[in-house]
Amino acid sequence: NAGVTQTPKFQVLKTGQSMTLQCAQDMNHEYMSWYRQDPGMGLRLIHYSVGAGITDQGEVPNGYNVSRSTTEDFPLRLLSAAPSQTSVYFCASSYGASGAANTGELFFGEGSRLTVL
Amino acid sequence: KQEVTQIPAALSVPEGENLVLNCSFTDSAIYNLQWFRQDPGKGLTSLLLIQSSQREQTSGRLNASLDKSSGRSTLYIAASQPGDSATYLCAVRRPGGSQGNLIFGKGTKLSVKP
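Protein sequence lines, in the order shown, are assigned to chains A and B.
Here the first sequence is numbered in my numbering, starting from 980 and rising by one per residue.
Here the second sequence is numbered in my numbering, starting from 214 and rising by one per residue.
The reader is advised that the hints may include incorrect statements.
Calculated pairs, DSS-like style, for lysine-lysine (alpha carbon to alpha carbon, straight line, at most 25 Å) [said to hold, decoys possible]:
# : chain 1 : residue 1 : chain 2 : residue 2
1 : B       : K214      : B       : K319
2 : B       : K319      : A       : K988
3 : B       : K214      : B       : K255
4 : A       : K988      : B       : K214
5 : B       : K319      : B       : K255
6 : B       : K322      : A       : K988
7 : B       : K281      : B       : K255
8 : B       : K255      : B       : K326
9 : B       : K281      : B       : K214
Calculated directly from the structure, the hints in this document are not laboratory data.
The task is simple: from the sequences and hints, build the whole structure.
Shown next as structure tokens:
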């Protein structure tokens, strides 16, 4: 079982560069989300999606874009990287609000470590 | 606004001890509460999930309890082992429209000494 797969695992960018962090899940989960984890700040929600074609902002959305064209994929785009975006990024997924399968249990990827110089 | 607090931030115990990790939250209107484990440099692994209608969940040496009225959850680890050393995070999920939105505590870093 692949679960939630994130690529790349490590990335170094220069200020102003753009890039996309990839996230894919094979559990047919409706809900997907992106978090960033910083020392002393804990995990903070960037963007989330409750289904294909539907996205919404979380706590810290500025500087990031997302789209959800398929159920499986939820890429996170950094438009113009800044040193403040140096962090570890986690993608997570779960079943949606309806149906017997919805325990609401959240599954995480292994993380993508981004350094912006 | 929902806030989740975990105290202590770090805990060191000798192998074999039974221990309790604490998680408190300010708004009792929750959908569920989930406990995670995070090893250094790794992602979060789900340990236990307690629905709002439940009082506790058990998995092996782990037992999690939930008291919504007091805004508290505890994670009990029996007969701790060095392999239990990790950071433990709790997260509460809000009900309603933001059904995927979890609020995380900052975690308790556990070290179990041989």
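Hint by hint, where does the structure go against what was stated? Just the numbers, ascending. 3, 4 and 7
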